[in-house]
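The task is to assemble the complex, starting from two chains supplied on their own in separate frames and drawing on the hints.
Order-wise, the sequence lines are chains A and B. Each residue of the first sequence is one higher than the one before, starting from 122 at the first, in the numbering used here. Each residue of the second sequence is one higher than the one before, starting from 2 at the first, in the numbering used here.
Hints may contain errors.
If you anchor each label on the Cβ, the simulated ranges turn out as follows [said to hold, decoys possible]:
#1 A:Ala213 with B:Arg854: 52 to 60 Å
#2 A:Gln237 with B:Lys953: 43 to 51 Å
#3 B:Leu976 with A:Arg417: 44 to 52 Å
#4 B:Gly893 with A:Arg417: 37 to 45 Å
Derived BS3-like pairs: lysine-lysine, alpha-carbon spacing no greater than 25 Å straight-line [claimed, not checked]:
#5 A:Lys373 with B:Lys890
#6 B:Lys103 with A:Lys276
#7 A:Lys366 with B:Lys890
#8 A:Lys144 with B:Lys892
#9 B:Lys674 with B:Lys802
#10 B:Lys103 with A:Lys232
Don't read these hints as lab results, they were simulated from the structure. From a predicted model like this one, the values you see are computed outputs, not experimental measurements. We put the beta carbon where it would ideally sit given N, CA and C, even for glycine.
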Amino acid sequence: MEGASYARMPRVKIRELKDDYAKFELRDTDASIANALRRVMIAEVPTIAIDLVEIEVNSSVLNDEFIAHRLGLIPLTSERAMSMRFSRDCDACDGDGQCEFCSVEFHLRVKCMTDQTLDVSSKDLYSSDPSVVPVDFSDPASSDSSESRGVIIVKLRRGQELRLRAIARKGIGKDHAKWSPAATVTFMYEPEIHINEDLMETLTLEEKREWVDSSPTRVFEIDPVTQQVMVVDAEAYSYDDEVLKKAEAMGKPGLVEIIARQDSFIFTVESTGAIKTSQLVLNAIEILKQKLDAVRLSEDTVEADDQFGELGAHMRGG
Amino acid sequence: MVVKPGSVPDFEALRELFKHHIESFDHMVDAGLDTAIRHIKAVECRQAKISYTGKLTIDVCFQYNDGPVIRETLNFGQFPIMLQSKLCNLRGADPKKLVSYKEEASEMGGYFVLNGLERVIRLLIMPKRNYPTSMVRNSFSERREGYTDKAVVIRCVRADQSSLSIRLYYLRNGSARLGFWLRGREYLLPVGIVLKALIKTSDREIYVKLTSCYNEKYAKGKGVVGTQLVGERAKIILDELRDLSLFTQDQCLEYIGEHFQPIMPELKQASYSIEKLEDWLQKGRRLIMDEIDKKSQKFDISDIAQVKKIMDKNSSKQVSAAVENMLKTGRLVTQTGLDLQQRAGYTVQAERLNFLRFISHFRSVHRGASFAGLRTTTVRKLLPESWGFLCPVHTPDGEPCGLLNHLTRTCRITSFFDSQGKIKDYFKIKKSIEDILKEVGMTPSVPNTPLPGPPEALTVLLDGCVIGCIASSEVEKVVAYIRELKVSSASVIPDDMEVGYVPLSMGGAYPGLYLSTSPSRFVRPVKNISIPSNGNENIELIGPFEQVFMEIRCLDGGDGGRKSSFPATHEEIHPTEMLSVVANLTPWSDHNQSPRNMYQCQMAKQTMAFSSQTIQHRADQKLYHLQTPQTPIVRTSTYSKYNIDEFPTGTNAIVAVLAYTGYDMEDAMILNKSSVERGMFHGQIYQTETIDLTEQSRKSDQSSRMFRKSNVEKSAHPSIDSDGLPHVGQMIRPDEPYCSIYNEVTSSTHTFKRKGSEAVYVDYVAVDVKNSKQLQKVNIRFRHPRNPVIGDKFSSRHGQKGVCSQLWPDVDMPFSGNTGMRPDLIINPHAFPSRMTIAMLLESVAAKGGSLRGEFVDATPFRSSVKKDDEGSDSKSGSLVDDLGLILKEKGFNYHGLEVLYSGVYGTELTCEIFIGPVYYQRLRHMVSDKFQVRSTGTIDQVTRQPIKGRKRGGGIRFGEMERDSLLAHGAAYLLHDRLHTCSDYHIADVCSLCGSMLTTTFIEPQKRPVRQIGGLPPGRTAKKVTCHACQTSRGMETVAMPYVFRYLAAELAAMNIKMTLKLTDGAEVGA
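This is chain B alone, in the form it adopts within the complex (with noise of 0.2 Å):
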């Protein structure tokens, strides 16, 4: 898609990616905050390193006693606000608004704004909400005597979001135990109680109840789940109960009550809480509640006045503060612990290095903290329930790997919003949904009728509630049926609405009907091809449980690996719909070999791209541009879907692919000298510093300190100006000053000096006028130019990094006899072979192609496997390569791409045809000028002596065991002599050698200086006097060459009482 100048791109494909985020929070803002807008922008935050936030107002409601309703609001201070939300003032602006506001044009919030960074909420899975699962675990069985290591789980969560986790421990003896925890302790509860204790029922009941699963009729046909077991265990529960002689519903109770009164408050705490994936913001809501529930519980007296100056003093602005805390650090600051498995690392910050990682920050989701930790990969395995959803390709290699997952393109999260934007009536939907199953013969749940069991019916669960049963031969006609309302009519059936049927089986999962229409599930579009449609019409919003037990088809028409013919019910909309954003602007990436593109999401993700639009608005620490971008040739088609010709990555490169020079070996690559000069790969590095004065001083002196140019050293500095700043375009060398602080009590200067190696120029000075008559706080900008060196890193879009080893003459790279084209860069053939990165290959025919056609190529992947739905459209061939070949032949070029070259240097024929072409080449943000590391002499270390480490510090690099090793192995004795001893700790210690100690020694200054001089000669260095202490004489002393941290070593020894001797003797004895 081309974009013509002056159009409005339509970014809605784009904000769709960032919808889960803005969502989330404004459910939050619905569901009880009452947020005023403080009209400060978005950009003015960023500046000046404050917070997006608004006016958190209250209404606290009073009622004494069936009273009148008194009305309070209460003014819970700043809270910060997500941009785009509801209440973000950037919601709804169209692409030029958003300019006006110095917005990027394409802003699409989802983050928040605090000190001016910009931190997203992390997405997290969870496990399934309100459903069963079975776990074995060996830690079970060592909870207490008794415990095997069975158990069951599930997540309660409630309306308001806040969940706990029940786990049903099943004992050695056939009997089970409730767990819950509470305030990080787990209490136990034997079941039985729990069953009666809920509801007036009879023992008779439970029994049939718990064995309605299981019926001896059908011994061991399909979709049979019990064994007459079940109703022996169900004996030992009933029997436990009569042991403790508790036989109704009250005595349970109160069995209960009794051991729990010390804890009820506690209970009652727990109530408040919190949400799964991304809806956990909620926490705020959880802490206002906390804080009323804290006040209510001191003082109830019905002086509203009163009230107040206790809520006053139980100050409500830390609300606001815990939150915003809470998005700062990403650190969950909660007794309660909020059934969440971690404590840190809720949020991050959404790095703005390039567009690529930017989206990439608000479509991950990380599995948890607590199986980072893991020894076992089975959490990392990719499931087949995450088809579609999580992303294959895009998770990093190495420690994070299958835990940090990236959501698919067109993965979606349930909100409490539906498709039109209206907040879901969850009671309404459930209404509608239990009329419409028992109109298709669903046999409604009645308290205390038992519900038959698979597999004569299927019990159906809507967000875990049991409200029925369907004879099982009917079941499937319903689910075919719920599923086309589910698409045809979303006001009854909502269209996220997860249907999972799990089919009888023979040892299967537990055969039900789990319906869910809660908030934080992943759903994804695929056609429901048993609705006849011709358009988008039987586009079905599917869940990651129910697409186990359906039957979906792939494009490419495969049987699914089945011997008999595939039942397909549904069908994928598009192959490329598996991968992330990111994975799927690798062109053509089904063929290469897989890690390659894991490396390519990667590195997507570190290219000095250009990075911004408002780049002149922006004051992120560090920020990469590069000056020259250029849109890739060959592209696939979410390349234009998500306008990433916005934010484009890299320059099209003509690449060719020969060992010439041997400067391309290893990975290396040659970079064609006149071509960087003309501006290829041109970049710099933008880093902004605040100063701010009210930070930085303590506060006394804070009205004294002022940005003012020292009067006494006018001319020193002629960098600075007369207000202390520095000029626009100025340029500062390292160790140069550029501001100057006037400290008027002291009446001193202090200046800021440049750290670091390289010239740098001043982009632009903010200053921040706002909040005071006097300047206090200052951005200033610096630009570092980045043009290619050798050492910079750069890549192609196919895992195929190199670094440049030279920057080669225009005139020696080889060029085309025909065309007189000379390369902008070589990489030697050898990083194909071993690699197998065959699209990189094709990449370059096609866009050499398309260059001479003057078209971009679509190099969607997977195109054979969906060519077959619309056949005829461009089957010339068949094959891609074919068609890529034929359009070069068209052109009068080599169908395979490759090209007769002349050696630039002897202007002789190479002896075979080179290939050579375009590539989207991009250049990574690892630079030699940020890496290098160099020292000859320099600081050392205090104590040992030794050359200190570290690159900002002008240390130098570990010379370090196995480099010892090598270096023996070489028998290399004096360099390495000269290595760890000469240039490091060199040291002649004085010895004595009647006592073998070196630490006992001290120099005796002469007492009397020799006044005789020679003939005006300086003084001849007289010999030092060295004593030994010990001995009282300096007859035995010595001087031996020794690391210092021998010295060194010896003193501590002597520090713990171990006196260390050395024995001296002439090197000729040693030999002797």
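Bound conformation, chain A alone (with noise of 0.2 Å):
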């Protein structure tokens, strides 16, 4: 490739990891790439959840399709996930979900005996394979683990019975929300705040005061000290520019001036518990490379290239 390289050196920096939420800076990109990262990461990284169910007995009082719904919105463990293949595609079976390559077998078999209400929940579904098991959202620093009994999927009372084989499957977010690893992912320009301190020492206290509480979210504050309005949390402004309508019907227009930056984002990432936080988004980063590779290496890029000129060459990293 001659020519000066357009390519940027992104920089993530992470702020908060946990296994359910990760808060990080992405630094030295632009909207297109946070966003396509925000993309991946609620519809194409793969997850496991189950797709087909066979049902023997239900005498609940949900009926089959329902509980089948209910089943499938199950988070299942899904570190395997990248390595599995989508059964569509997989040599090894043929399609009907029975293979270890593509598939996970679930049974589920509960009866109420007692006269009191028994709740059928994800901890009653057996998994063929112990990699793959429904989330445990049982919070591990309360000892108290006989308190959950993770997600409900029906209630039995006296003699109802509900039997049942599910397959899981791999899969991704686009084609059913079941597959999706991400309960919200989101982000936002990093905002950079400059206040016009000159102008802002011409208001008063009682005036700064009213300033300071016209933004909903604490983004200002008034140092109790020097009377001075300061910024305590830049990224707690939500562009809802209250502040400056504010500074304009107070006719002191240009008092603060925000800028969104446009090459840096904050990530906001929240997982069902399929994966954790940390996997996905470097989940998301591998498919997002393999998608590009895909664009790369297919064939006909360099007839593409005619059609599209600049753009192919731009796809191929120039």
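If you want it as structure tokens, here you go:
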């Protein structure tokens, strides 16, 4: 590749990382990459979810489809998902979901024998693969494990029974929301806030307080000592322009200048529990790479080059 | 109100709404029916498609010539029983017990189960009973020569609730005629004869009484009702009698008797009858009496056995059958007419499409079918009388607008039962009222002595009878006193008595004090502020007649639009009481443009909601069910009062108001695909097929038919079990059989196939084993999964409906940078400016605040009007918007509910802030799956060879004249030709150019088949030989393309001896 490379070297700084929650900064890139990452995390990182349910007995109050739908939405631990095959292009089986490469079998056999209502939950699902099990939401901090019963599927009264076989498969959120590993992925542009100190000083304390309070989020604060307005939490700013409008209304336009930085983003990722957030981000990057590779490697790229000219060149990393 | 799990919610408020139906039935039962309860459960009736009935037995008493009374109990057949009535075995059952009976925990009853269908009796509005109304109608003057267009009409109702309308026509010569209807004929009598015949009196007395309403002394003051003309007219009436030389009572009676002799028996008949609004069920009683009447006329033999035999012959069961039939069809078969305006439409099916629709059936009032055809709109208008009784919002728009009304939330109907549920003793009530009135200075009326008329004294009428008069100076005090008694001591004066005090006025209504205690009147509670009270002790029930003359203050503290101060004696309890139950559920309806609230009332009744909690035990034809209902975050106080949470109707969807992708234009809305996949608005339709072998077959082979799978083709239908019924949970595709019947005699099987275009699941199979050893009746319930698809209809609670235009991928939806929230639903901002549904915006803001705080938000309308009452409780700023905005601000959101969203596709900030928040959305029952119509080729009409119409038969949609016009306007001639000809009834006809006929052409089969075959090729198609039958030649045969109907037309014309000839020319010549 000749010519100047426009490739940038994005940087990631992790601020907070938990199994189901992550917050990180993504710098030195632009909105397209940030959004691509978001979109991939929501819709294209594969997980495993129940896809096929064979009901043997169902005398519960919920109908078969309802239960099947609920089963599908139960998050399953999907660390293995990246290495699994989609059942549609699995060579080892003819797609009926029996093989180890593309599917996991679950069994559920519950019958209520007592007068008390029995909660059938995700804990009652028995997996054929110990690495793919319903996500345990019980808080590890609290020792009381009997408390958590997992995701409730249905409640049974005396004599009611539920017996079924379910097959979980690999899939992506694009096909069905149940395969989406992310509860929420969002990013915001990092705000840059400059207070015009000179103009600010023309305000009385009362006015300052009024101005600070005009923001619904706590972005600014008045220093109790110096009585100066300062930025406490720039990221709390939600680009709602409230303070700008307020400044205008007070007859002091330009009191504060807020710029959304076009090259740094603050990401918030929440996982459903299927994949740890750290893994989710890594998987997303991996898939993004694969997708780009698919564009680059496909044989007709050269032909496409003629068609798309610059775009093609750009895609090849120009 | 949040109901704790396990605790039993209180359904009393809800029950109250259905009370009038049940009370009326109870009265009917009390008033002479003796029905034994059959121990059958209502659920079983619904399932088995039979009627919920009880055995009706009647004690017939015989007495011959003062001999001893002989009682005979007779069986009168199976009489329909109203659910939750005195005879119903659900009466008094608590929710737990009701559930054990497989009924709704909140089962309110008030309807009948007939052939498995639930039917309600419609409420009807009738003229006020025993109250004269003057009318001007052009039709009156056409009655006979000399009649004017004026008349006074009174609907007289007796204690047994039978009624008769009597008209007093005013004649051009000043006299009057009394008209009454008998057997569909009107009879007219000079009024003087009636006056004289009724009582022994003299001409003078009549004159004085007639003219008592006018006194020359007062000339033209306030409250003067007559003129000196009254005297003249009275004279004319009396002169008329003199001309007929009728002077005494006996003479008059004789005169009437002479003329009415032939119709006397009918006169008798007319006395058995019926009632007004809901109570007219008493028809049963009328029929019974009819029945008895007939018998006693035919035979008067003192032998009981013989009488009984005759009675048996005169099948007594038909009484119950008649009632049941009436309830089933809503049609009233009667000779007398029962003084009712219409013959049909008395009952309607109580559909359980959703709970709100169900309630509305019980709370709806119809103005009468006769008004529906009326051109004038006057009958549809909202009158001051109906304020607080009929809901101004809850009426359909379009044809039945204003005719089909709904009772307000608090409106009740008086019945034979008092507030404690005890039967009222009208004689006692009358006595005590009279005593009290005498105490306070009423001059009781005595026959033959005239009472002074207005303005010096006001006549007092109790249920239409003159009982005395009160000096007009005293009357206000008396009225106030009676009202006080009404509230404080219901034992003396019934609490639902209407004190219709019409004050003296200039040219207003005829003054007087009209008291009514009768049943079947509307009443509603208001506060009587002249009685000091700190609780609910001053609640008075008022009627529509009196309220027009009362000073009732609204809670907003306004002066009622008058210049002087408001001398209020009463006060409304809450402004929302003027709305019906359904209208009450619209949050902040006072912030909406009024037609939108009307639309919402309509739409609330067609939402696909959680229709029943006993869905497992129901066998309705069609039942809509929402799988994942939610309780609204923003709700009115009525919502919790009537436990609507038991039957929720929608989902709190995160709604963003923006124009995104263009797929939300023109009331379309974009649903988030992932939200739908996670279960939003999922639902299903339950549909039950009943297969009754006894019904379908002729009597001969009844026993030979049974449910069984064919032995021959065992493997053919895997969906059918060996018993001929499908497996539960089985999916059945269109045109697949689901049930098989085997006929032993013919040893043939018949299978029932699924129609329609979608696969369904067998939800449940119920068999009826009660009646015979062999299985004869089966209910098969199918489940149609109905998850949202493009084209399904949704609406908010503010008359904002829309159609889903796309299921948009989650990642492409705009998202909030802070919270990552993506909307479930996107609507277009253009839905708001012209419709002005501000409450929807308020709901969005409020629900956002509510969900952030984890609280429900009270959205009872008219908050600002009521607030003054309990000041200081929650008045932060006063304005509703401020309250809601501050909550949002507190929680770090924009005050106005706006948020910065980022494009889901590009990741860039959208150029303006987006209004986003949760709004309670309902899914309407109109779904594309039931409506789509598509056809390429298919069945054609046999006669015209044009495509048929009708969705069910795979027909097309008519490409009509207007569509044709528009294509013409576009000059799209080819398309037009394609649609109307090529794709329709394209036909090539043979026409004889010699005679021009296309009907005389006939094919001639080639005599000998040409045997030559060239090299194994199929024989070349020999040209069909066509000849003209008329010309006997095939010389002039031409082919012409034409619509087939043209040939049909020619044939039809030929049938009428009209010949049609075609002149054929070459196309080129035409151009020349």
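Cross-check of the supplied hints:
1. A:Ala213 with B:Arg854: 52 to 60 Å: Check passed, 54 Å falls within 52 to 60 Å.
2. A:Gln237 with B:Lys953: 43 to 51 Å: holds, 49 Å
3. B:Leu976 with A:Arg417: 44 to 52 Å: With Cβ atoms ~47 Å apart, the hint holds.
4. B:Gly893 with A:Arg417: 37 to 45 Å: holds, 44 Å
5. A:Lys373 with B:Lys890: Holds - the C-alpha atoms of Lys890 (chain B) and Lys373 (chain A) are around 23 Å apart, at most 25 Å.
6. B:Lys103 with A:Lys276: Satisfied, since the Cα-Cα distance of roughly 19 Å is no more than 25 Å.
7. A:Lys366 with B:Lys890: Judged against 25 Å, a Cα distance of about 15 Å means the pair holds.
8. A:Lys144 with B:Lys892: holds, 21 Å
9. B:Lys674 with B:Lys802: holds, 19 Å
10. B:Lys103 with A:Lys232: It holds: about 22 Å lies between the C-alpha atoms, which stays within 25 Å.
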